[in-house]
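Please build the complex by placing chain B on the supplied structure of chain A, with the hints as guidance.
Protein chains in written order, with my numbering: chain A, 1 to 254; chain B, 1 to 491.
The set of hints was computed from the structure by calculation and includes no laboratory data.
Worth double-checking, as some hints may not be accurate.
Here are the simulated DSS-like cross-link-like pairs (lysine-lysine), alpha carbons at most 30 angstroms apart as the crow flies [what the hints assert, rightly or not]:
{"id": "1", "chain 1": "A", "residue 1": "Lys187", "chain 2": "A", "residue 2": "Lys65"}
{"id": "2", "chain 1": "B", "residue 1": "Lys203", "chain 2": "A", "residue 2": "Lys127"}
{"id": "3", "chain 1": "B", "residue 1": "Lys78", "chain 2": "A", "residue 2": "Lys19"}
{"id": "4", "chain 1": "B", "residue 1": "Lys134", "chain 2": "A", "residue 2": "Lys19"}
{"id": "5", "chain 1": "B", "residue 1": "Lys203", "chain 2": "A", "residue 2": "Lys69"}
{"id": "6", "chain 1": "A", "residue 1": "Lys204", "chain 2": "A", "residue 2": "Lys65"}
{"id": "7", "chain 1": "B", "residue 1": "Lys452", "chain 2": "A", "residue 2": "Lys127"}
{"id": "8", "chain 1": "A", "residue 1": "Lys20", "chain 2": "B", "residue 2": "Lys134"}
{"id": "9", "chain 1": "B", "residue 1": "Lys78", "chain 2": "A", "residue 2": "Lys20"}
{"id": "10", "chain 1": "A", "residue 1": "Lys204", "chain 2": "A", "residue 2": "Lys189"}
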Amino acid sequence: MDPMEPALELHDLTVAYHKKPVIYGIDVEVQPGNLVGIIGPNGAGKSTLIKAIMGVLPLTGGWVKIFGKSFREQSQRVGYVPQRESVDWDFPVSVMDVVLMGRYGRLRLAQRPTAQDREIARECLEKVQMLPFANRQIGNLSGGQQQRVFLARALAQESDLYLMDEPFVGVDAATEAAIITLLRELKAKGKTLLVVHHDLASAKDYFDQLLLLNMRLVAYGPTAEVFTPEVLQTTYGGKLTLMADVAHTISEGR
Amino acid sequence: MKPRRQIARVLWAVLLCACLMPVVAEAARISELTETSTMERAARFFSFRDPSLRYALIGSMLLGACCGVMGSFLVVRKLSLMGDSLSHAVLPGVALGFLWNMTKDPVAIFIGAVAVGLLGAGTVQWLRNTTRHKEDAALGFVLASFFSVGICLFTMIQNVPGGNKSGLDKFMFGQAAALGAGDVWLLAGVTVVVLGGVLIFYKEYLVTSFDPGFARSFGLRVPWFDYSMMLLLAFAIVSALQAVGIVLVSAMLVIPAAAAYLLTDRFRVMLLLSAAFGVLSAGMGAFASFVGRNLPTGPFMVLSAAAVFSVALFFGPRHGIVTRWWRQRSHAARVGRENTLKALYHVLEATGFETEHVIVRDFAERRRATLEEAYAELDALEKHELVTLNRDESVVTMTPDGWQRACEIVRNHRLWELYLTDSANYPADHVHEDAESIEHVLSEEAVMRLEKALAYARVDPHGKLIPGVEDIRRGQGAAVGGSTGALVRKS
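This is chain A alone, in the form it adopts within the complex (with noise of 0.2 angstroms):
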């Protein structure tokens, strides 16, 4: 692998809803092993950012490289954790099987997780102090606990560069500090890390970069140098107005 290939690359990345554009023209370049807070203010962008990444939402023009192929070459690379609201906790599944499904992405299509698959998942609940819970009814568990499980799945993807959308939102403080840090030793290894993030006080302490985001991207850059007040008033100060009342008259003429 070339080591100044890039992990991530968005070039010009476009993302509309319904039309209406949420994301424009981002362009920005992660290097491996960095640990990325993805910050900005409600209707951001932020989760619609790392889901185009993933091909999980269809790009409205540009385009994502990941270590410089496409989604769907790499797909193997890259982990994801996604919000915990997005699933039914009811489902008849259990923590072990949840886990499991980390796996699928490295198996065939109609293979079934083989004993080795099983161990990994059996070390990565480990990982996360959830190993004892293996066999409960993921129903059964507390926010912070879930989220456990959902960090546990991505690390049995065993990937370069993650993705994760609000790890921290909803739980206990001794969850959070395990998850972050879970998130450094994965750094220490190399791994690339993009975290989007709800809060600006700890944003500071826990990433070595930041990429600001408010529809278009503020600044992207090493903590120290982007976390200044005239980068966060830029970012909070208030949504762009008149590019999204441009952008709906757009919609609308279609």
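For chain B alone, coordinates are given in the frame of chain A:
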């Protein structure tokens, strides 16, 4: 929320059956019968002599398995209404299949119905993606409009001269007796495809049902699995049309799966249970329809499924209503017994453990109860071998088991009070009520942690001694005899 929705669905199905019963009362019975008594007909059913009966039974059980499996996916995906809409939407397809060569050809009808069913599913998808409407409105629209087209086509067919129209009317309310050899072979093929598809791609169907966003993120082509699932669902629905009828097919999809969902937390087990319930209800429906002559099959299958659902709802080992009630009741009874034991302990403690027996009158005064009430409480303890009651002398003695439990309860109570005052900063006069309920549910492990946290303290916030392990182990006699235990070191 979820169980209530399912109850509503069952009630709806039962109600519909009741309404439809008079309409379909004239439907053909499973075979021409000569036997008259119910017993004879039942015996004949189990002899499996009639080929038409065999077809009806085998066909019913196959469709029960298909519907049970596909219904599980509908229930966990919260798409129960999709089954209802699709089953109504296939009606024009049945009519078109018939019009193809004016006979009831199973294959032509199957192809027509599946094609129109997929068109209906596609329309729902299209309405949802291109308009502001959510799934429910789209489903409602497709159900009613497609069904209406079907009714018009059926009326046209009735008015067209020629063709063999016999059996076509059965599609509405279902008649297993109308199944022929061709139908059963088709059903067997469909069952192999449905069960095989789910078995082979279990992993993919599971992850697309649970977390489609995650499935996309590792590169799975989720739309393929969504569409193929709709196709398998259409297969299951169409296979069940003749025996169950368009109006009730959705019940065979939803009810067995809903019953299975009440019983298990594992999707694999839910699929198996649901298929088994489907087969069972379909078989029972066919049997009931055969034994009681002139009875339609579909409603009986649905009623059987509803009966299975009711059993799961009331007697399910974990979430059953009766089971839960029984568990609460036995818990309440145990709490009552433990409180009686505690009162006996208190009486003994007040006398400084000088005797082993308690005078029933003292006990009654302590409990602020009449003698009759006191005897009733002590009788309950005697039944559980916790005390020995001497009615002639009006005294009661704790058995070793009773003594141990009494010590444990008092210890739990006082430990908890001490914990609340010492570690949680509760005032001493606020802790009794809380300890009253906690004492009955503290586990051994929790007690050990409490003791450790409190540095094995021996005195509770009210100055009373906390029974220790040695008091419990040693038994009452030794405590009375006196040695190094806490209870004899009283002031």
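Tested hints:
| no. | hint | in the structure |
| --- | --- | --- |
| 1 | A/Lys187 to A/Lys65 | holds (20 angstroms) |
| 2 | B/Lys203 to A/Lys127 | holds (25 angstroms) |
| 3 | B/Lys78 to A/Lys19 | holds (28 angstroms) |
| 4 | B/Lys134 to A/Lys19 | holds (18 angstroms) |
| 5 | B/Lys203 to A/Lys69 | holds (27 angstroms) |
| 6 | A/Lys204 to A/Lys65 | holds (27 angstroms) |
| 7 | B/Lys452 to A/Lys127 | holds (29 angstroms) |
| 8 | A/Lys20 to B/Lys134 | holds (18 angstroms) |
| 9 | B/Lys78 to A/Lys20 | holds (29 angstroms) |
| 10 | A/Lys204 to A/Lys189 | holds (22 angstroms) |
The earlier numbered hints are all upheld by this structure, with none contradicted.
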